[in-house]
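In order, the protein sequence lines correspond to chains Y and G.
Each residue of the first sequence is one higher than the last, beginning at 1 in the UniProt record's numbering.
Each residue of the second sequence is one higher than the last, beginning at 1 in the UniProt record's numbering.
Watch out, some of these pointers could steer you wrong.
16 Å max Cα-Cα, derived EDC-like pairs, lysine to aspartate or glutamate [to be verified]:
hint : chain 1 : residue 1 : chain 2 : residue 2
1    : G       : K413      : Y       : D288
2    : Y       : K226      : G       : E414
3    : Y       : K226      : G       : D412
4    : Y       : K282      : G       : D408
5    : Y       : K280      : G       : D403
6    : Y       : K262      : G       : D403
7    : Y       : K279      : G       : D403
8    : Y       : K282      : G       : D412
9    : Y       : K282      : G       : D403
Label-pair restraints from in silico Cβ distances [to be verified]:
hint : chain 1 : residue 1 : chain 2 : residue 2 : range
10   : Y       : R123      : G       : E428      : 46 to 52 Å
11   : G       : R424      : Y       : V241      : 30 to 36 Å
12   : Y       : K243      : G       : D425      : 31 to 37 Å
13   : G       : P317      : Y       : Q204      : 20 to 26 Å
14   : G       : D439      : Y       : D56       : 42 to 48 Å
Far from chain G by the CB rule (all over 10 Å, computed), these chain Y residues [what the hints assert, rightly or not]:
hint : residue
15   : F10
16   : D32
17   : D60
18   : S66
19   : R87
20   : T101
21   : V109
22   : S173
23   : P175
24   : V191
25   : D301
Hint data in this document are derived by calculation from the structure and do not stem from the laboratory.
In this text, a Cβ means the ideal position worked out from N, Cα and C, and glycines have one as well.
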Amino acid sequence: MALPPPDPQFVLRGTSAAVHTLYFSCGGSEPDIPLLYSGSESGFIHVWNLRTHRVDTALDGHGRKSVYCVETMGGKDRLLSQGRDQRICLWDLAEGRTSVTDSVFTEHVGFCRCSLLKVAQGRWLMAMAARSLEEIQILELPSKTSVCTLKPEVGAKLGMPMCLKLWQLSCGSQPVLLAGYEDGSVVLWNVSMGKALSQLVCHQEPVMSLDFDSEKAKGISGSSEKVLSIWSLNEQQNLQVYKTHELVNAGISDITIRPDKKILATAGWDHRIRIFGWKKLKPLAVLDYHTATVHCVSFSDHSNPRERLLAAGSKDQRISVWSIYAQT
Amino acid sequence: PAALGERERALFGAFLRSLARAPGAARPEGVWQRCFLEGPASLVLCVLLESLGSAGSVRIPGAVGVLEQFLQEGRVSALLWEVCQQQAQAGCPELQDVLINKIVCLPDHVSNKLQGKNPPVFFPQNYFPLLGDAVLQVLEKISDSLRGGLDCSISFVSHVLGKVCIHGRQKEILGVLVPRLTDLTKSDCIWQRICWRLVECVPDRWMEAVVLGFVQRAPGADVLSRLLGNLVVKNKKAQFVVTQKMLLLQYGHTTEVLQNLLGYLSLDSLRRTLLLRVLQELLETWSSSSAVKHSPAEQQLYISKAILICLSHLKEPEIETHRQELLTSMMEGVKCRLDSSLLQQRRLGMVVAESISLKINTEGPVLKFEYEEDDETRELKSLLVQTPSFCNVPSLPDDDDDDLIPYDMSEDKELKIKAPVYIRDCIEVLTGSRTEDVDKWEATVKALESLVRKNPAATREVSVELAKILLHLEEKSSIEGFVELRQRTQVAVLTTDPIPVAKYLTSQFYSLNYSLRQRMDILDVLVLAAQELSCPKFCGKTKHSGAQKPCIQLLQGSDSSKGWRRVVDERIKNKTRRLDKGHCDMELASRPNEFNSVAGYFFFPLIQHFDRPLTTFDLLGEDHLVLGRLAHTLAILMYLAVNTVVRKVLLYRYVRQGLLSCISSLLLSVPTERILADMTEELLETQSWLGGKTWWGTSVLFWLVVKLLCSTSLIVMAAVMSWHCALEICMISK
Chain Y
1 MALPPPDPQF
11 VLRGTSAAVH
21 TLYFSCGGSE
31 PDIPLLYSGS
41 ESGFIHVWNL
51 RTHRVDTALD
61 GHGRKSVYCV
71 ETMGGKDRLL
81 SQGRDQRICL
91 WDLAEGRTSV
101 TDSVFTEHVG
111 FCRCSLLKVA
121 QGRWLMAMAA
131 RSLEEIQILE
141 LPSKTSVCTL
151 KPEVGAKLGM
161 PMCLKLWQLS
171 CGSQPVLLAG
181 YEDGSVVLWN
191 VSMGKALSQL
201 VCHQEPVMSL
211 DFDSEKAKGI
221 SGSSEKVLSI
231 WSLNEQQNLQ
241 VYKTHELVNA
251 GISDITIRPD
261 KKILATAGWD
271 HRIRIFGWKK
281 LKPLAVLDYH
291 TATVHCVSFS
301 DHSNPRERLL
311 AAGSKDQRIS
321 VWSIYAQT
Chain G
1 PAALGERERA
11 LFGAFLRSLA
21 RAPGAARPEG
31 VWQRCFLEGP
41 ASLVLCVLLE
51 SLGSAGSVRI
61 PGAVGVLEQF
71 LQEGRVSALL
81 WEVCQQQAQA
91 GCPELQDVLI
101 NKIVCLPDHV
111 SNKLQGKNPP
121 VFFPQNYFPL
131 LGDAVLQVLE
141 KISDSLRGGL
151 DCSISFVSHV
161 LGKVCIHGRQ
171 KEILGVLVPR
181 LTDLTKSDCI
191 WQRICWRLVE
201 CVPDRWMEAV
211 VLGFVQRAPG
221 ADVLSRLLGN
231 LVVKNKKAQF
241 VVTQKMLLLQ
251 YGHTTEVLQN
261 LLGYLSLDSL
271 RRTLLLRVLQ
281 ELLETWSSSS
291 AVKHSPAEQQ
301 LYISKAILIC
311 LSHLKEPEIE
321 THRQELLTSM
331 MEGVKCRLDS
341 SLLQQRRLGM
351 VVAESISLKI
361 NTEGPVLKFE
371 YEEDDETREL
381 KSLLVQTPSF
391 CNVPSLPDDD
401 DDDLIPYDMS
411 EDKELKIKAP
421 VYIRDCIEVL
431 TGSRTEDVDK
441 WEATVKALES
451 LVRKNPAATR
461 EVSVELAKIL
471 LHLEEKSSIE
481 GFVELRQRTQ
491 VAVLTTDPIP
501 VAKYLTSQFY
511 SLNYSLRQRM
521 DILDVLVLAA
531 QELSCPKFCG
541 KTKHSGAQKP
551 CIQLLQGSDS
561 SKGWRRVVDE
571 RIKNKTRRLD
581 KGHCDMELAS
591 RPNEFNSVAG
601 YFFFPLIQHF
611 DRPLTTFDLL
621 GEDHLVLGRL
631 AHTLAILMYL
641 AVNTVVRKVL
651 LYRYVRQGLL
661 SCISSLLLSV
671 PTERILADMT
681 EELLETQSWL
691 GGKTWWGTSV
701 LFWLVVKLLC
711 STSLIVMAAV
721 MSWHCALEIC
731 MISK
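Given these sequences and hints, build the entire structure.
In structure tokens, the structure reads:
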């Protein structure tokens, strides 16, 4: 008889709004406090102290409009956040400051989270959905210079970009973007040439989330349907369907592969978090704690693998934090 | 010996003949035989065969032994080679024909002469493989000479091969030839050309046997393609055999043979056009209803297999160009097969149709039938997928997730489906074609009525659309009380927005393409809604909620189509009961009647066409069941429109129309004397009832008249007539 699934390690309450995004910053050495950033529907970014399980700071920079993407930029003092006010803000949190140092007006009305990639010390590339419906814009940060705009071919009818993942095979190699679109397809873009390399129709509904493992050249995407689609990238830069996995309930809002590429977690519209083995997509656990749609899942970046955590934010205004498969 | 001229040949022949006849003493052992074994092989063979049976009776001793030696020492290949060389210099065709006959019929000939006492080497099963070896040796010599730059004719060998095959010895000779040629042609173009030429030079009359032999014996389509080359494109006879005879006229070949054959066609661009043509012809046969009826089941199975194999070879662009044809043939074929009374036929139709649909609908929905799988269907389906796929999925490292032990996931069940909360969402669900959402559909059907009642404003925006959807709504899954549920919802929509919905429903009542059930639904809904409207807030009044409602009993039931008599009986009961409640009429009059303002919309459109046979249905003819209900409905509507302004109009109009159509027909059809004689009493009685102003008294008259008309087949017809009549009398009495 298999063990019953574990309970959350702890639960963070107090955002008083649905939680849309989570980001850990736990990589620092001993004196540093492990932190969890959460973005909520009320427009606040909460910085949670994972020792005390309390909010250290609440940041208000998106005009009380929902925050749906938070990420640090090289250390916990520099933060990037994206909100429904159509702005991406860059924060300076050093020495207790809570100021927005810069911001980008995206003019994008959807929910597509931006994707950040560190290309050199102090230099990032950011992919974001642009104002024009089908376009994706790549900016260099912090200079905010536009690198390129990725436009689908005329008549491609991809719809809006829904999710983005910017990556590069190794440091210094060409950055590549995977974008999931409204029509259910995933497109691989060569960022430096601004050219679509391959397109794969993974779903019949909009792609809600995707993640990619560049080591195995294999990615996974979820949509409002009942299936997870796993696809791979061959040497000719072609996306191919590898397999699909049928879910019990429809709707996936977020997918994250753990940094060590051993497991992955999905956030389900059915209020459940699902854990799979990444190699063969073996179902491992179904965590049923939330009472409303789970919006986001995130793995921590603890340097000690045993401390690794999984956090999930839900429409029920709670953030559940789990310690699962931390030993392996 | 090749250099022998005509004259030398004749002389040498004479010499050999005399040699053969020489008495034993004149045969130096060894030398005598050598003469035969080293002389020109063709001459020797002729002489030896002659000597077996020449002079009528006396067989030359030793001839059999020499012939045996002749065969065993490989002189046959020498013979073939000899002729091949002569042929290059234009040999004599008659002589060749004689030789071919002699070579091929040698076992029969010898066996005849020796009366069955022939040595084993002359048995066909031994002789023909030997001949095969000889052919191979000659082909090798030809190959050598071609490589040496010398021209060489192969046609004699082809003729021999053809003749052997037509003699039914394909198994023996090709059993030797095919494996060897398969090897030789693997990577050698000259051998390939020799092989192609060998088959091409077979005369038309023997072509079929040769091609069939090759197709049956080649270990695979690629080998066959190597051995035959583009024979089917070059040779009409071969083309006919391959593309017509073997596929459409014969049906005894094994699946492997079919795969060889069609695979062979698919492997070259020139031949692919033939493959497509073959597929078209196969589909034509498959979809022809006469073929389905008259050809044996084995042949149909054979053709189905061939179709599936063809499909497995089709490429995307080819499918693209032929999609429409494929679809048409599929539809026709599946139609006549589904009509068949044989299970096997139907299943065959389903499997093939599914496969075609799978192949041509790369994106869209795919046909899916329900049938029991058996070995045959599995075999058929496997034919469609067996072509090796060239798009290899990259082999990812196959390591395990085994170190990760799963937790218990038994609690991971489906969430209970939530019904939509907006009316527009309901419309989307009910009109959606997504079959997997049965649960959602069910929840929607159940929730819709309350949604409609709760959101009158939202309902009014889409009322007609909703009415239309509900009218056409069919039961998708088994929901308890689905019909009532649908009806209640329809009523809710109609009461929420009476005018447009009533207009829609009444217009649909007489329009095309509705089933009787739907027409009756329309009537039921109109009645129930009218009732609801006429008793405002009837739910609140306990008095009406229970007792009043059942007085308008609707005919529930799917089984009403047959038991019309029961229906009629029930109606009698209902109506009679209503008579007792006549005074309710008065009570109701004291309440505001919402039906008042809309009664016209319910009533008039319904009587528009009742007496004219329409293309849709004939109320006065065979659709009397609906007529009965229509009359019933009109009656109830009239009843519910009590004290409304329109009521008077209703009556006048109604009577005017009724009078013209009914009284006249009544008078025409029933002899006057009978009416007077039989009905006087009842008419008088009725009149006295009507004096009490109970409108429903008319129904009694209605039934009295019915009783009088004897013919039961006219019962409904009569019902309406008499009812009109009664109304007329009612008016008069008023």
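Against the structure, the hints:
1. Only pairs whose Cα atoms come within 16 Å are accepted, and G:K413 paired with Y:D288 is accepted, the gap being roughly 11 Å.
2. Distance restraint check for Y:K226 and G:E414: the Cα-Cα separation of roughly 11 Å lies within the 16 Å cut-off, and the hinted pair is therefore satisfied.
3. A distance of roughly 14 Å separates the Cα atoms of Y:K226 and G:D412; the hinted pair therefore holds under the 16 Å criterion.
4. Distance restraint check for Y:K282 and G:D408: the Cα-Cα separation of roughly 13 Å lies within the 16 Å cut-off, and the hinted pair is therefore satisfied.
5. The straight-line distance between the Cα atoms of Y:K280 and G:D403 is roughly 12 Å, inside the 16 Å bound, and the hint therefore holds.
6. The straight-line distance between the Cα atoms of Y:K262 and G:D403 is roughly 10 Å, inside the 16 Å bound, and the hint therefore holds.
7. A C-alpha spacing of about 11 Å is found between Y:K279 and G:D403, which places the hinted pair at or below 16 Å, so the restraint holds.
8. At roughly 15 Å between alpha-carbon atoms, Y:K282 and G:D412 fall within 16 Å of each other, so this suggested pair holds.
9. Between Y:K282 and G:D403, the direct Cα distance comes to roughly 11 Å. Compliance with the 16 Å bound is thereby established for this hinted pair.
10. Between Y:R123 and G:E428, the C-beta spacing of about 48 Å keeps the proposed range 46 to 52 Å intact.
11. For the pair G:R424 and Y:V241, the beta carbons lie near 35 Å from each other, so the given range of 30 to 36 Å is met.
12. In this structure the hint that Y:K243 and G:D425 lie 31 to 37 Å apart at CB holds, the actual value being about 33 Å.
13. Under the hint 20 to 26 Å, the C-beta atoms of G:P317 and Y:Q204, about 24 Å apart, fit the expected range.
14. Under the hint 42 to 48 Å, the C-beta atoms of G:D439 and Y:D56, about 45 Å apart, fit the expected range.
15. With a minimum CB-CB distance of about 19 Å to chain G, Y:F10 clears the 10 Å threshold, and the non-interface call stands.
16. Its beta-carbon lying about 30 Å from the closest one in chain G, Y:D32 satisfies the requirement of being farther than 10 Å from that chain.
17. Annotated as non-interface, Y:D60 keeps its C-beta farther than 10 Å from every C-beta of chain G; the closest such distance is 33 Å.
18. The Cβ of Y:S66 sits about 22 Å from the closest Cβ of chain G, beyond the 10 Å cut-off, so the non-interface label holds.
19. No Cβ of chain G comes within 10 Å of the Cβ of Y:R87; the nearest lies about 32 Å off, and the non-interface call holds.
20. The beta carbon of Y:T101 sits about 42 Å from the closest Cβ of chain G, which is more than 10 Å, so the claim that it is off the interface holds.
21. At the 10 Å boundary, the C-beta of Y:V109 stays outside the reach of chain G, the nearest C-beta of that chain being 22 Å off.
22. Residue-level check passed: Y:S173 sits 20 Å from the nearest beta carbon of chain G, beyond 10 Å.
23. With a least CB separation of 23 Å from chain G, Y:P175 remains clear of the 10 Å interface cut-off, as annotated.
24. The beta carbon of Y:V191 is kept farther than 10 Å from every beta carbon of chain G, the shortest such distance being approximately 24 Å.
25. At the 10 Å boundary, the C-beta of Y:D301 stays outside the reach of chain G, the nearest C-beta of that chain being 20 Å off.
Taken one by one, the earlier hints all hold for this structure without exception.
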